[in-house]
Amino acid sequence: MSEAGELTVTLLRFGFLILLWILVLSTVGALRRDLVVGRRNKVGTPTAREIRKNPELVEEPPPARAAAHRLVVTEGPLTGTTLDLAASPILLGRAQEATLVLEDDYASGRHARLFPQGSRWFIEDLGSTNGTYLGGAQLTRALPVEPGVPIRIGKTVIELRP
Amino acid sequence: MSDVLTVPRSRRTVELFLLLLALAVAVGANYLAGIGREEPLGDYFWSQAITLGVMSLFIHLILRVKAKYADPVILPIVVALNGVGLAMIHRLDLSAAQVNPDFVQVAPQQVLWTAVAMGSAAILLIVLRDHRILRRFTYISLIVSAILLLLPLTPLGLEINGARIWISVGFGTFQPGEIAKITLAIFFAGYLSTNRDLILLAGKKIGPLQLPRFRDLAPMAAAWLVSIGVLIFQRDLGSSILFFGLFMVMIYVATSRVSWVLIGLAMIGVGVFVALELFSHVALRFDSWINAFAPEVYDRAPGGSAQVVQGLFGLANGGLIGTGLGAGRPDLVTYANSDMIIAALGEELGLIGVVAIVMLYVVLVSRGIRAALGTKDGFGKLLACGLSFTIALQCFVVIGGITRLIPLTGLTTPFMSAGGSSLLANWLIVALILLISETARRPAPSAPMKDSFPEALGVSGKPKKSAKETTR
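Protein chains in written order, with this note's numbering: chain A, 4 to 165; chain B, 1157 to 1628.
In short, the hints are calculated from the structure, not lab data. Some clues are possibly wrong.
Listed next, with one range per pair, are the computed distances between beta-carbon atoms [said to hold, decoys possible]:
#1 A:Arg123 / B:Phe1442: 48 to 58 Å
#2 B:Asp1286 / A:Gly138: 20 to 30 Å
#3 A:Thr143 / B:Ala1253: 23 to 33 Å
Not everything, but these chain B residues come out facing chain A in the computed CB check (under 7 Å) [stated by the list, open to error]:
#4 Val1170
#5 Leu1177
#6 Val1181
#7 Asp1286
#8 Gly1475
#9 Leu1476
Every residue, glycine too, gets a C-beta built ideally from N, C-alpha and C.
Given the sequences, and given the hints that come with them, work out the whole structure.
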């Protein structure tokens, strides 16, 4: 190989390494929006350092909540049934293994699930046919349930009570 | 398991831009590998460039139509890795052909497999609109995994280098275990997302540890037995580590209990101890890891350390910036184009190049985990986590083995190693992760909810859809 040819090859080889890193850096660059920790995709409470940088991140402490201790069925075939809440998740549905067996034609076998996290209870739809409604809106992901807010599953409406 | 939300936006144009860059890397690597050794822009160059280019643009178009919100960086990364792998395999072919003119080239077959694998991924993207459908096949996938794992032990099986993990199909060999890792991940995800509460709730609390009930340990024991079975009957340490690691990660992600990890590690300890005592090949592996540089270990006929030490010499020869593609001697290492491909790349691209490749894997795995965080159903979360973890674990085992961090085990480097079944399985995994990332990033439907309220049905007298659900 001629000297000039060798030089070209060496340059091409360096160029390849640079190209490889351009690819790596541009993928990371394309993800920048996803990696931002800010107001837009906040995952949890801001860290102390973030608060120091932008003080508006500090949130008002949430009003003291009455912890829910009972589950009451307010509508549907099981109206009046109550269930004491312990620290364990509750499965709602028509299946026999459910904690609260709903005799409701519009409920699925494993319809929804109530589970405690921190001091709150969350409801999560388990892929039911007719959906679960929290205060009138259909659930698309797990959401916290405040006492007194109706949860509708088929013809059954349940509420948490303090 | 938690949810993270981002602003929905399609970002397919970003994907196209990155894809072109990735194709430039793939084609550039191939051009450099052939430079000075064959006529430039020969047949192989064009077959590689056209296969990768056409198939990846095809998948890109499918994503534009079928999965608009899928993650934009996964496809470009995988195309780049696959392309660099193809270039290195071709470059090793050229060296081997110089030594032995009768040598049958590996690279053209690998290009064919790439086309098959990318085509299968495309079909999976079209056929499987939603990953949640897979949940219905939870137990079927268990049976399929069992069949796939048992296939090599039937008369169809082939034994190569002491491991019985291949079967012969008409035109070549196939490793059913590679597909089994997908079906096992589907089974674990389906099983754990259904029984998570049961596993979480029951059990005694001892100190800070909540121990699981004995009968909830059954699936873990089953996973352990499968791994040990693979180790004993197929003599394949790598797959056995992979299957057990997959199960441990998925049960940890599902329950977030440290006790499971501790129990799993204890079981691995027992497994390693038993394997060291019973199987000479495992003990030899260990010895050639610890005493790699002892001359008698280096020269030992079966189970010597020549392969890993040659790889280390290669890496040292490469140094920081490498010898340049086509200018090193990575062909001196045995299995340079499959198990040791990272050593070959390390020699010719240097530390700078290998770190870039590792970065690509890291970003790929992190995008898989990100899809798991974003998707809303437990099954999808577990599946995405498990599948991306298999890629991560394979990289760790392979690169760790080559750099002598851990004993060398025969696992394939995802997307790079020569071998069709691994390539096919990993492309299918990519298709699944893309689908899950699509459900994770797609904006939630904001159509009026009134229509689906059950009381509307009662008023009109006739149900709009069959609301009564059959018992599951």
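Verification of the hints:
1. Look at Arg123 (chain A) against Phe1442 (chain B): about 50 Å separates their beta carbons, and that is inside 48 to 58 Å.
2. Asp1286 (chain B) and Gly138 (chain A) have their C-beta atoms about 27 Å apart, which keeps the hinted 20 to 30 Å range intact.
3. Here the CB-CB span from Thr143 (chain A) to Ala1253 (chain B) is close to 58 Å, at odds with the stated 23 to 33 Å.
4. A least Cβ separation of about 5 Å between Val1170 (chain B) and chain A falls short of the 7 Å threshold, and the interface hint therefore holds.
5. Satisfaction of the interface hint for Leu1177 (chain B) is found here, the shortest Cβ-Cβ separation to chain A being roughly 5 Å, below the 7 Å cut-off.
6. Hint status for Val1181 (chain B): holds, given a least beta-carbon distance of 5 Å to chain A, under 7 Å.
7. Taken as an interface hint, Asp1286 (chain B) does not check out: its beta carbon lies about 11 Å from the nearest beta carbon of chain A, beyond 7 Å.
8. Checking Gly1475 (chain B) against chain A by beta carbon gives a least distance of about 13 Å; that is not within 7 Å, so the hint is violated.
9. For Leu1476 (chain B), the suggested interface contact is broken, since its CB lies about 10 Å from the closest CB of chain A, more than 7 Å.
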